[in-house]
Amino acid sequence: MTRIAIIGGGISGLAAAFALEEHRRAGTVEYTLYDSSPNLGGVLRTEHIDGYIVEAGPDSFITEKPWAADLCRTLGLADQLIGSNDVDRKTYILVRGRLIPMPDGLMFMVPTKILPTGFSPLFSWGTKLRMARELFHPPRPSDADESVAALVARHYGAEVVDRLADPLLSGIYGGEAASLSVRAILPRFAEMERTHGSLGRAMLAARKKLPRPTNKTAAPLFTSLKNGMQQLVETLVARLNPNSLLTNAPVESIQPRTGGWSVSAGLKSEHFNAVILALPALASAKLLSTGGPELSAELAAIRYSSSITVGLGYDRAVRQSLPAGFGFLVPRSEGNRLLAATFVHNKFPHQAPEDRALLRCFVAGSNAENIWQLSDDAIIAIVRNELQQILGLRVAPLFARVYKWKSAMAQYGVGHLDRLDRIERLRQQLPGLALAGNGYRGIGVPDCVRSGQEAAKQVTGIP
214 MTRIAIIGGG ISGLAAAFAL EEHRRAGTVE YTLYDSSPNL GGVLRTEHID GYIVEAGPDS
274 FITEKPWAAD LCRTLGLADQ LIGSNDVDRK TYILVRGRLI PMPDGLMFMV PTKILPTGFS
334 PLFSWGTKLR MARELFHPPR PSDADESVAA LVARHYGAEV VDRLADPLLS GIYGGEAASL
394 SVRAILPRFA EMERTHGSLG RAMLAARKKL PRPTNKTAAP LFTSLKNGMQ QLVETLVARL
454 NPNSLLTNAP VESIQPRTGG WSVSAGLKSE HFNAVILALP ALASAKLLST GGPELSAELA
514 AIRYSSSITV GLGYDRAVRQ SLPAGFGFLV PRSEGNRLLA ATFVHNKFPH QAPEDRALLR
574 CFVAGSNAEN IWQLSDDAII AIVRNELQQI LGLRVAPLFA RVYKWKSAMA QYGVGHLDRL
634 DRIERLRQQL PGLALAGNGY RGIGVPDCVR SGQEAAKQVT GIP
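If you count the sequence shown from 1, you need to add 213 to reach the working numbering.
It is worth saying that the hints were derived from the structure and are not from the lab.
Just to be clear, a hint being listed does not mean it is correct.
[Unchecked claim] Below 27 Å or equal to it, Euclidean Cα-Cα: the simulated DSS-like pairs (lysine-lysine) are: (1) LYS499 to LYS481; (2) LYS303 to LYS422; (3) LYS439 to LYS421; (4) LYS278 to LYS421; (5) LYS303 to LYS439; (6) LYS278 to LYS619; (7) LYS303 to LYS341; (8) LYS421 to LYS341; (9) LYS326 to LYS341; (10) LYS422 to LYS326; (11) LYS421 to LYS303; (12) LYS278 to LYS422; (13) LYS499 to LYS619.
Turn these sequences into a full structure, and let the hints steer you where they fit.
Spelled out as structure tokens, the structure:
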């Protein structure tokens, strides 16, 4: 019997436990999952308020990455998967206090259609000329990593960094384009520059290779669940052995021992053949500070960003007054605290009553740290003030909720992939240890699911 400890009960740890559950039932594996909080699921938390589905953490996952949706289907949740309403998919950028729609043909931040970009007030004429010249960029072989901002500025200039790259990445990672690694975040861009030179030319070439459209409906960009993201957690937990799940059980230390690991939680220490650390990298670093000091130092170097999400419900009049689309992004140069806001009733219509509006406002990084100590009421007042400036929204919300996530979003800095190589070499020197979570190769829910599943395979040797 192989005994495995899983430390961390977020979606990564739960995915690892589910991957082990079949082997537990077969009598070949025994696992114990430890989590310091009273509830499992980590940031996947949903509130149901008067017909609204309000997400405290992620509101969905990228459909293109299959691991989360595949897990949902395995759990019998296929009929609960809901795609985003892409017919209304329009995103605005706040420029000098005015919301400007992103032009058609932008593939992430690369323009592929001349006329929509040329007529868009989002960019100055100088930037538009630079976009045209970018099509003639020669290939640029390079083995060195750099920031996303450096690559984008080289191709399109500082204005595109400010108005596109930084807001887009802030909305995903809560970080800044100037510090995020292009090879870790946008490896495809680095490869396109190496092979084609021009990102625009590379995108057009890739589009030509796509299969011709058929009558089949295109997959939605985002996927959620009918009853919210917590539905995935609840269904997962129901399929696990309840005696293997320990909540309110912070692990204080782990130590490598002959034939395995000693795990200490509270007054009790247990011996396991293997350990899966499904925690933020900094928390894993602390547990490994004596048992694996070199690995601990590398893990501690992975930075994290904090975030605050504010959910606001409104009446029919507000819903009718808001612009169409998924929401807006706010460049840092605008001087606001808000980085983004989602019109949830448009993105996922099932998450709000038909005659109501649901806004999800996002503050992260230093903006979040600067207001972290304020009361919920004070944070709501700040967000409402900025919504008034941006949307003219003066009416009081029907309800407001504030959710704070301290150091929850991993920041893949320049050199991140090299650090992961070093982490993997050091991990292999500690038999029976696996790492999972959003600190390594993807921060989204599908990436976390995959990391948990792969960690389970590592410690069992079962494909």
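Between LYS278 and LYS422, does the CA-CA distance stay at or below 27 Å? holds (20 Å)
Regarding the pair LYS421 and LYS341, is the alpha-carbon distance no greater than 27 Å? holds (24 Å)
Does LYS439 lie within 27 Å of LYS303 when you go C-alpha to C-alpha? holds (22 Å)
Between LYS303 and LYS422, does the CA-CA distance stay at or below 27 Å? holds (26 Å)
Does the structure keep LYS278 and LYS619 at a Cα separation of 27 Å or less? The hint holds at about 26 Å.
For the pair we were handed, LYS326 and LYS341, check the Cα-Cα distance against 27 Å. holds (12 Å)
Checking one constraint from the list: CA of LYS303 to CA of LYS341, max 27 Å. Satisfied? The hint holds at about 21 Å.
Are the Cα atoms of LYS421 and LYS303 separated by 27 Å or less? With Cα atoms ~24 Å apart, LYS421 and LYS303 stay inside 27 Å; holds.
Going straight from one Cα to the other, do LYS439 and LYS421 come out at no more than 27 Å? violated (36 Å)
Can you confirm whether the C-alpha distance between LYS499 and LYS619 stays at or below 27 Å? It holds: about 16 Å lies between the C-alpha atoms, which stays within 27 Å.
Against the 27 Å threshold, does the CA-CA distance of LYS278 and LYS421 hold or violate the hint? holds (22 Å)
Just to be careful, I want the Cα atoms of LYS422 and LYS326 compared with a cutoff of 27 Å; is the pair within it? Judged against 27 Å, a Cα distance of about 17 Å means the pair holds.
Hint violations for this structure: number 3 only, all remaining hints satisfied.
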